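*Asks:* Chain by chain, the residues run as shown.
There are 2 protein chains.
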Amino acid sequence: FVNRPSIGTFPGSDWTERIQSSLMSIIPKGLHSVTTMACGSCSNENGYKAMFFWYRARERGGNVDFTEEDITSCMMNKPPGCPTYTLLSFDGGFHGRTFGSLITSHSKAIHKMGIPSLDWPMAPFPHYKYPLESNVRENKAEDQRCLARVEELIEQYNKKGSPVAGIVVEPILAEGGDIHGSNEFFAGLQAVGKKMGSALLIDEVQTGGGPTGRMWCHEHFDLPEAPDIVTFSKKMLTGGFYCKEEFRPPHGSRIFNTWMGDPGKVILLQTVLKVIQRDNLLQNTKVTGDILYQGILELENRFPHLINSTRGKDRGTFIAFNGVDSKTRDAIINNLKHKGVQVGGCGDYAVRLRPALIFQPRHAHILLDRLQQVIQEL
Amino acid sequence: FVNRPSIGTFPGSDWTERIQSSLMSIIPKGLHSVTTMACGSCSNENGYKAMFFWYRARERGGNVDFTEEDITSCMMNKPPGCPTYTLLSFDGGFHGRTFGSLITSHSKAIHKMGIPSLDWPMAPFPHYKYPLESNVRENKAEDQRCLARVEELIEQYNKKGSPVAGIVVEPILAEGGDIHGSNEFFAGLQAVGKKMGSALLIDEVQTGGGPTGRMWCHEHFDLPEAPDIVTFSKKMLTGGFYCKEEFRPPHGSRIFNTWMGDPGKVILLQTVLKVIQRDNLLQNTKVTGDILYQGILELENRFPHLINSTRGKDRGTFIAFNGVDSKTRDAIINNLKHKGVQVGGCGDYAVRLRPALIFQPRHAHILLDRLQQVIQEL
Chain A
1 FVNRPSIGTF PGSDWTERIQ SSLMSIIPKG LHSVTTMACG SCSNENGYKA
51 MFFWYRARER GGNVDFTEED ITSCMMNKPP GCPTYTLLSF DGGFHGRTFG
101 SLITSHSKAI HKMGIPSLDW PMAPFPHYKY PLESNVRENK AEDQRCLARV
151 EELIEQYNKK GSPVAGIVVE PILAEGGDIH GSNEFFAGLQ AVGKKMGSAL
201 LIDEVQTGGG PTGRMWCHEH FDLPEAPDIV TFSKKMLTGG FYCKEEFRPP
251 HGSRIFNTWM GDPGKVILLQ TVLKVIQRDN LLQNTKVTGD ILYQGILELE
301 NRFPHLINST RGKDRGTFIA FNGVDSKTRD AIINNLKHKG VQVGGCGDYA
351 VRLRPALIFQ PRHAHILLDR LQQVIQEL
Chain X
1 FVNRPSIGTF PGSDWTERIQ SSLMSIIPKG LHSVTTMACG SCSNENGYKA
51 MFFWYRARER GGNVDFTEED ITSCMMNKPP GCPTYTLLSF DGGFHGRTFG
101 SLITSHSKAI HKMGIPSLDW PMAPFPHYKY PLESNVRENK AEDQRCLARV
151 EELIEQYNKK GSPVAGIVVE PILAEGGDIH GSNEFFAGLQ AVGKKMGSAL
201 LIDEVQTGGG PTGRMWCHEH FDLPEAPDIV TFSKKMLTGG FYCKEEFRPP
251 HGSRIFNTWM GDPGKVILLQ TVLKVIQRDN LLQNTKVTGD ILYQGILELE
301 NRFPHLINST RGKDRGTFIA FNGVDSKTRD AIINNLKHKG VQVGGCGDYA
351 VRLRPALIFQ PRHAHILLDR LQQVIQEL
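First to last, the sequence lines map onto chains A and X.
The numbers in full-length UniProt numbering rise by one with no breaks, and the one at position 80 of the first sequence is 80.
The numbers in full-length UniProt numbering rise by one with no breaks, and the one at position 41 of the second sequence is 41.
Hints may contain errors.
[Stated by the list, open to error] Pairs of lysine to any residue residues, derived as SDA-like cross-links and limited to a Cα-Cα distance of at most 20 Å, are as follows:
no.	chain 1	residue 1	chain 2	residue 2
1	X	Lys313	X	Ala331
2	A	Lys160	A	Arg149
3	A	Lys244	A	Thr72
4	A	Lys234	X	Phe10
5	A	Lys108	X	Gln283
6	X	Lys108	A	His251
7	X	Lys129	X	Phe10
8	X	Lys108	A	Arg149
9	A	Lys234	X	Gly8
FYI, nobody ran anything at the bench for these hints, they're computed from the structure.
Values in this document were obtained by computation on a predicted structure and should not be read as measured data.
The whole structure should be built from the sequences, with the hints applied where relevant.
*Replies:* Below is the structure:
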């Protein structure tokens with residue numbers, strides 16, 4: 001802990017073992033390797049790079065040699081060295097605030113205002129009517145509308161010389177307002193990507209590490225195959241990304257920087273993972289989440305003029321509901337704080353719950369009790 | 001150390017004091033405040049953002065309100081919300097490998113290959129003939145050639161609707177081959193920026209923290225006034241940037257992310273700064289550097305057919321020399337390693353020295369002795 005080593009250049013002799021016993025022990029099914037990074041933004045940006053490298057290799061029939069023109073042009077920021085590839089992201093999505101990740105973020109204007117960007121495609125993400133059971137047909141149509149638009153945009157950008165190398169998406173659009181997509185939507189998204197030749201990156205920076213009751217939120221989707229890249233940070237303490245073998249860069253030094261993450265954070269993660277297992281915290285999060293979800297749903301049924309759209313069923317404690325307007329939402333958050341409960345807001349109307357994995361049923365009951373008081377007093 | 005806090009949202013109660021006694025105690029003259037970040041790339045990128053915000057405010061006569069059109073357009077990555085502003089950087093410069101910092105990096109093709117970029121201006125940086133004393137007139141002309149090109153490029157990009165909000169430059173182009181600019185060049189660069197309305201960011205990620213014998217390399221330049229922004233990382237253990245008061249963002253949450261650096265690294269820095277002062281390490285670096293520089297210069301005079309262009313006079317131990325070709329350079333680095341001395345290469349021909357601040361005269365003499373052996377055995 002009393003140093004900041006450059007892991008890429010001088011990895012400690014225990015580095016492999018530490019990675020194996022931590023990050024590799026929870027690698028999502030179907031993925032091959034992991035790269036550590038410092039934060040969520042640069043985890044995503046390096047995942048983006050991996051997709052661009054993969055796309056170029058495919059475009060050139062597997063040839064990964066550089067031409068003289070590649071080398072000269074890239075030093076001047078020009079194609080073919082710096083290609084005009086793009087990534088498709090979603091309205092309401094958030095992937096970070098460094099320049100590259102910011103191109104794909106569309107949740108708040110204040111994040112993007114005044115900063116140069118690139119013309120990359122942005123698709124609509126499904127916005128469901130709740131409760132889901134009563135709106136099956138409409139929500140299915142919403143999935144199809146969004147998927148059709150994704151395909152249309154990829155076709156359009158491919159045609160105009162800005163081919164879409166990959167799709168980047170959160171399993172739950174968290175900053176954008178805890179917007180959930182159905183399993184069918186995500187399977188459809190993967191299918192469209194495969195059909196159009198675009199990779200799929202799932203950004204688990206906010207959802208990864210257990211809050212949905214599984215280590216990775218996308219496990220809930222039961223996708224036909226693994227996404228190509230999964231990124232993480234936050235709860236994982238270290239940033240980084242997992243990828244399939246064919247997404248490992250074809251040359252050394254292409255996914256690289258001075259620090260390559262921070263071994264100290266991986267040491268913390270080792271212990272965190274041990275505690276998650278020892279105390280069965282994923283199961284705890286699932287059980288606690290079910291109580292929270294049911295409790296909030298009951299409040300919604302009692303106070304439909306104040307809150308609605310409770311969501312996050314079977315997603316552990318990763319639960320949100322809407323105030324009927326921003327003012328009501330803000331009042332709920334503020335009044336809860338005065339009662340000693342801290343919750344956050346996201347999007348325009350959402351109250352989002354993000355308790356730690358050690359949040360237990362008894363805590364959930366206290367939260368529900370105080371939330372009821374707050375809503376009654378509105 | 002056993003946590004990774006979100007400093008921006010929940011700063012510790014000791015945070016202000018820790019910053020005051022560390023980063024603020026060594027703030028470059030003429031600068032006003034500091035922002036911590038995780039790494040060098042995101043320190044630069046957030047410095048870039050600060051310049052873009054400043055430029056927009058000036059362009060709009062100090063009005064920092066957002067128009068409806070700003071808000072709508074920025075969510076789609078389009079102007080005026082996401083303006084077509086640019087930054088001028090230098091051929092051979094390096095500022096990081098996240099997407100934004102990479103646009104301004106031009107030292108190695110492998111860094112940029114296959115990654116989409118933007119058309120931002122790249123100017124030539126002076127390449128001097130050594131020894132400097134024997135090439136005064138030519139090198140002065142080289143300064144003027146590069147400064148003229150900087151001005152020309154800014155004019156050209158301003159005219160074509162991609163105004164140059166700022167100039168970004170390292171005090172020594174380190175990754176590019178330890179390329180030094182004269183004090184006159186840097187003063188001229190600042191003057192051109194002021195004339196054209198572009199800000200000046202000096203990237204001290206590699207030079208900052210003492211290796212040039214002063215805390216900040218740009219102090220050597222005796223600029224008429226402070227640069228607008230100074231970025232740091234590496235030796236400073238924490239990333240971040242200093243800026244003038246008018247470069248603080250005009251609204252909250254515009255320079256922001258989850259972690260905002262890492263308090264653990266600032267705690268390390270506090271002790272590092274104490275030791276630098278206690279052991280007089282800046283003075284040590286200056287004295288040791290003078291010995292190294294003189295010694296290498298003597299070797300150059302004895303073996304001009306093998307090495308040349310010794311540089312870094314009065315720059316502490318931040319010293320480099322060239323092999324006559326890449327093969328000779330690589331052999332020197334490799335053979336030194338076999339004699340227990342680790343040095344690095346940068347650019348095409350340079351051997352660069354980057355000892356720690358505790359490298360003392362007696363170490364310098366050992367290095368010089370082994371370097372002489374290696375050169376004699378070539």
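*Asks:* Run the structure past the numbered hints and jot down the numbers of the failing ones, going up.
*Replies:* 1, 3, 5, 7, 8
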